[in-house]
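Please put together the full structure from these sequences, using the hints given.
Each residue of the sequence shown is one higher than the one before, starting from 1 at the first, in full-length UniProt numbering.
Do not take every clue at face value.
When the alpha-carbon atoms are kept at most 27 Å apart in a straight line, the in silico DSS-like pairs for lysine-lysine are as follows [what the hints assert, rightly or not]:
| id | residue 1 | residue 2 |
| --- | --- | --- |
| 1 | 281 | 295 |
| 2 | 428 | 295 |
| 3 | 428 | 244 |
| 4 | 80 | 70 |
| 5 | 131 | 107 |
| 6 | 220 | 242 |
| 7 | 99 | 153 |
| 8 | 168 | 216 |
| 9 | 168 | 153 |
| 10 | 107 | 70 |
| 11 | 428 | 107 |
| 12 | 277 | 107 |
| 13 | 107 | 117 |
| 14 | 165 | 153 |
| 15 | 242 | 428 |
| 16 | 65 | 165 |
| 17 | 210 | 70 |
| 18 | 417 | 244 |
| 19 | 117 | 244 |
| 20 | 277 | 378 |
| 21 | 117 | 242 |
| 22 | 417 | 117 |
| 23 | 244 | 220 |
| 24 | 131 | 242 |
FYI, nobody ran anything at the bench for these hints, they're computed from the structure. Small disclaimer: the values here were computed from a predicted structure and weren't measured.
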Amino acid sequence: RTSDGGKTVGTIEVSLVKMGELEDGETDHIATDAQDQKCALVRECTATEGISGKDNLPSLNAVLKNPICKLYRFPTSDNKWMRIREQMAETTLSFHVPKELINLHIKEDMRRNQELKDLGELAPHWDNMRKSVIAHCDQMLSMYQDTLAELGKHTGSSFKSSCSKGEKTLEFIPINLHLQRMHVHSPRLKDALYDVITVGAPAAHFQGFKNGGLRKLLSKFEAERRNTGYQCIYYSPENTAKAKEVLSNINHLQPLISSHADLLLNSASQHSPDSLKNSLKMLSEKTELFVHAFKDQLVRSALLALYTARPGCVLKKPAVPRNTAEEGGDLQHQDHPSQVKRQDSIPHHSEYDEEEWVSSQKFRLNCVIAMVDRLLEKDNISNVKEGENDPSAADCKVLHTGGDWYEQLYPLVITLKDCMGEVVTRAKQSMAFVLLQELACGLPQCLMLTLRRDIVFSQAVGCLV
Numbered sequence: 001r002t003s004d005g006g007k008t009v010g011t012i013e014v015s016l017v018k019m020g021e022l023e024d025g026e027t028d029h030i031a032t033d034a035q036d037q038k039c040a041l042v043r044e045c046t047a048t049e050g051i052s053g054k055d056n057l058p059s060l061n062a063v064l065k066n067p068i069c070k071l072y073r074f075p076t077s078d079n080k081w082m083r084i085r086e087q088m089a090e091t092t093l094s095f096h097v098p099k100e101l102i103n104l105h106i107k108e109d110m111r112r113n114q115e116l117k118d119l120g121e122l123a124p125h126w127d128n129m130r131k132s133v134i135a136h137c138d139q140m141l142s143m144y145q146d147t148l149a150e151l152g153k154h155t156g157s158s159f160k161s162s163c164s165k166g167e168k169t170l171e172f173i174p175i176n177l178h179l180q181r182m183h184v185h186s187p188r189l190k191d192a193l194y195d196v197i198t199v200g201a202p203a204a205h206f207q208g209f210k211n212g213g214l215r216k217l218l219s220k221f222e223a224e225r226r227n228t229g230y231q232c233i234y235y236s237p238e239n240t241a242k243a244k245e246v247l248s249n250i251n252h253l254q255p256l257i258s259s260h261a262d263l264l265l266n267s268a269s270q271h272s273p274d275s276l277k278n279s280l281k282m283l284s285e286k287t288e289l290f291v292h293a294f295k296d297q298l299v300r301s302a303l304l305a306l307y308t309a310r311p312g313c314v315l316k317k318p319a320v321p322r323n324t325a326e327e328g329g330d331l332q333h334q335d336h337p338s339q340v341k342r343q344d345s346i347p348h349h350s351e352y353d354e355e356e357w358v359s360s361q362k363f364r365l366n367c368v369i370a371m372v373d374r375l376l377e378k379d380n381i382s383n384v385k386e387g388e389n390d391p392s393a394a395d396c397k398v399l400h401t402g403g404d405w406y407e408q409l410y411p412l413v414i415t416l417k418d419c420m421g422e423v424v425t426r427a428k429q430s431m432a433f434v435l436l437q438e439l440a441c442g443l444p445q446c447l448m449l450t451l452r453r454d455i456v457f458s459q460a461v462g463c464l465v
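Written as structure tokens, this is what we have:
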């Protein structure tokens, strides 16, 4: 059948394929009148033109290069010939996609290191842990940068053969990735195209398989990481993934809320009731999503864990911050906690309400909503009275009250944005603290497994594109 699932083109039965010997690239014709020979290689050459085909797209030729062409012909039941043109070509995406992924990993690692540095002042135990994690992350970052630099120097073929699978500089590149296109021409039926993508199984060959592959190593690592609770707080892979999701939501919603707040002020300055209502609606929706993102148990437990990791914070009653009811780890800030006095400037954890700052954001939004409703209500009443007395006076009223709307909304909107900034800062710090635990509980194996996972992922994505 055709590649798009159309009608059947024909059936190919191959009983013998005899490959012709090539001399100086010339065409080698093979006799086909022998009784035991059913097909023949008519020609083999290096195609100088792009991938051919009636359904070919210009974008396909842009990413495929160095095509090799072979021509076959097969006898049909009606004593005619079915001609097949086979083309194989390598793709420039073999190197382009991995380089882009490595570049993203570098940016992500740099952002993560900065988030760890922005955690602020921590107790000695946690501060030493942070320094160790940042040092290891810097080593990984340097490794990614070196790999990207080596790939940037690569010239020539974009094809990584299986004999090169053990080369360190090419470990992010998919193996044997190429396109095979079969163009079948039948005397009686419509021509058909068959495209096949060939690629080797994604694997980190340079890393070796002495202790198993990626899946086995991840399972073993996760089991061992559960036993390191005396050093850090254990968070499951699901919770660390949740922390990254929360950070992503924060980075997505914060600029949207700020933009809608500015639009609200702009509508107020123009004294446009309809525009004001629409801007308020969008601001309310995004702020509700923003607040909802922090109502997860993980966020609350992470906030308390970070709070107890601050210098001078000693709990009156030993408490273990837990990310879930089943999971948790010990927090050892001092060898003798009873000998350390808690600073008066830091309240006891029972006095600390981790939901207060989120509720404050919602309260600020409600203040804005109430003010908009009050302004619109006064405007409606004023317009009715002015319109009954003198229609022209209503128009003058609009010009006069435009500034009043802006002046009354401005302090509330600014307070909302300031509150949001505080929420974002504290949320980012708490989620960064969760990611700190993930890295600290498995150094240096965690980072090496991350490298191995990135290699396998790069090879897999490279062939899917």
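Checked hints:
Between residue 281 and residue 295 the CA atoms are separated by roughly 22 Å; this keeps the pair inside 27 Å, and the hint holds. Annotation: proposed proximity of residue 428 to residue 295 holds, straight-line Cα distance about 14 Å (limit 27 Å). A C-alpha spacing of about 10 Å is found between residue 428 and residue 244, which places the hinted pair at or below 27 Å, so the restraint holds. Taking the CA atoms of residue 80 and residue 70, the gap is near 20 Å; set against the 27 Å cutoff, the hint holds.
Our distance criterion of 27 Å between C-alpha atoms is met by residue 131 and residue 107, whose separation comes to about 20 Å. Proposed proximity of residue 220 and residue 242 is supported: the alpha carbons are some 22 Å apart, at most 27 Å. For the hint linking residue 99 to residue 153, the alpha-carbon distance of about 12 Å falls within 27 Å, and the restraint holds. The suggested pairing of residue 168 with residue 216 holds, with an alpha-carbon distance near 22 Å, which does not exceed 27 Å.
Proposed proximity of residue 168 and residue 153 is supported: the alpha carbons are some 14 Å apart, at most 27 Å. Taking the CA atoms of residue 107 and residue 70, the gap is near 44 Å; set against the 27 Å cutoff, the hint is violated. The hinted pair formed by residue 428 and residue 107 meets the criterion: a straight-line CA distance of about 17 Å does not exceed 27 Å. Note on residue 277 and residue 107: the hinted pairing is violated, with a Cα-Cα distance of about 39 Å set against a maximum of 27 Å.
The straight-line distance between the Cα atoms of residue 107 and residue 117 is roughly 16 Å, inside the 27 Å bound, and the hint therefore holds. For a cut-off of 27 Å, the pair hint linking residue 165 to residue 153 stands: about 18 Å separates their Cα positions. The suggested pairing of residue 242 with residue 428 holds, with an alpha-carbon distance near 13 Å, which does not exceed 27 Å. About 21 Å separates the Cα atoms of residue 65 and residue 165, which keeps this hinted pair within 27 Å; it holds.
Between residue 210 and residue 70 the CA atoms are separated by roughly 41 Å; this puts the pair beyond 27 Å, and the hint is violated. Between the alpha carbons of residue 417 and residue 244 the distance comes to roughly 23 Å, so the proposed pair stays at or under 27 Å and holds. Note on residue 117 and residue 244: the hinted pairing holds, with a Cα-Cα distance of about 17 Å set against a maximum of 27 Å. With a C-alpha separation of about 15 Å, the suggested pairing of residue 277 with residue 378 holds against the 27 Å cut-off.
Distance check on the hinted pair: residue 117 and residue 242 sit about 21 Å apart at the alpha-carbon level, within 27 Å; holds. Annotation: proposed proximity of residue 417 to residue 117 holds, straight-line Cα distance about 24 Å (limit 27 Å). Distance restraint check for residue 244 and residue 220: the Cα-Cα separation of roughly 23 Å lies within the 27 Å cut-off, and the hinted pair is therefore satisfied. In summary, the hint linking residue 131 to residue 242 is supported, as the alpha carbons are separated by about 24 Å, within the 27 Å threshold.
The earlier numbered hints that this structure contradicts are 10, 12 and 17.
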